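Asker: Listed here are the chains, written in short residue letters.
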Amino acid sequence: MLGIALLVFREVLEAALIVTIVAAATRGVVGRARFIGGGIGLGVVGAVIVALFAGAIADAVGGSGQELFNACVLLAAVLMIGWHVIWMSSHGRELTQQMQAVGQSVKAGSSSLAMLLAVVALAVLREGSEIVLFLYGMAAGGAGKADLFLGIPVGIAGGVAVGFALYFGLLRIPLRYFFSATNWMLILLAAGLASTAARFLIQANWLPAWDNQVWNTSALLDNGSVVGKAMHILVGYDARPAGMQIAFWLVTVIVLVSGMRWMTRGHVASSRAAQTVAPQATA
Amino acid sequence: MLRLLIVFSLLMVCVSALAADMPEFQLTIRNQSFEPVQLKVPANTKFKLLVKNTDNTPSEFESTDMNREKIVLPNSTINVYIGPLDKGSYKFFDDFHQDTGKGVLIAE
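Protein sequence lines, in the order shown, are assigned to chains A and B.
Residues 1 to 283 in the numbering used here are what the first sequence lists, from first letter to last.
Residues 1001 to 1108 in the numbering used here are what the second sequence lists, from first letter to last.
One chain only, chain A, in its complex shape:
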């Protein structure tokens, strides 16, 4: 029972942290519960489909199908998070002002929300397909029904509980700083996913490692531990990163931060222009 619960917990935790960050980043947005719920539902369906086709995926591209599939899913999530972060940087201020003015609900761009729905779906799909394969193996290997029926809900509940704890912790951030905080979390999340994608591409020999292990901090915080796993998702922590992973991480942060700055500046300039034009028009 414990083994089943632990594995389910670890996989659910990874997806739950991503869903939590997305949930926090869409705070106050009309219809976000539907979007997040829909994303989780789609992800679960996708996980079963991926597990069913695991054989075909594994055999594809000369036996590197799994790595390429994972890298593609991760990089797609990075692109979508990037889109949202850059979009938010030009609308975040309005969002905060509206939230303060009219209470909790505001309308956000539906394209940006759809992106985040896809991120939720992809996160659930990736971790979920592993759970499905593991449980299939457990059932086929003759694990007791009681173990499965206890282990699965306990594991899921544990992962979801950590997600909720993080969510309510984040809600304590004052509204003024809230969206810049969640934006930074999204940026670090995306950078970490990009670094993991690089790791899969190195494993498949599609990318050079640029030094296999640039540093080793596993004595300090091991990626096998629950905290190490959580940090891996939240900020992309890797105890033994390859040079290529660091490069992917840095490029993601630099591109997203400069995209954000650029959009914010453009937006401020245009609203300033509008303000200076307006009095002249009335005068």
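Keep in mind that the hints were calculated from the coordinates and are not lab data.
If you're wondering where the values come from, they're calculated on a predicted model, not measured in any experiment.
Please note that the accuracy of each hint is not assured.
Unchecked claim - Reference listing, derived: stretches of chain B covered by chain A, where coverage requires no fewer than 3 residues with Cβ under 8 Å from a Cβ of chain A:
hint	segment
1	1058-1064
2	1078-1088
3	1095-1108
Just so it is clear, CB atoms sit at the ideal spot from N, CA and C, and this is done for glycine as well.
With the hints as your guide, set chain B onto chain A.
Answerer: Leaving out everything else, chain B in the frame of chain A:
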């Protein structure tokens, strides 16, 4: 875009050509444990590790020491590229059967 794709695929061809003369080592998963439990590999050399699963249940070859993870479906073989590793020992495990599936790579 097309040009980029062509350059990329040419690069891939070069990479796979390089991979052709890489040393290969094999692990077998039987009854949810690894054989051999200790595998010697050369240090400072990149190599290809084959993991063959002879069981009827899926496994996941994983190593936090080497930063690798890959699912091994029932009755199938996967390959992962590893290294070059510094001298030392690197633990690996079967993420789906952590009680029985444990082993170590010795790079020397």
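Asker: Of all the hints numbered above, which does this structure not satisfy? Sort the numbers upward.
Answerer: none
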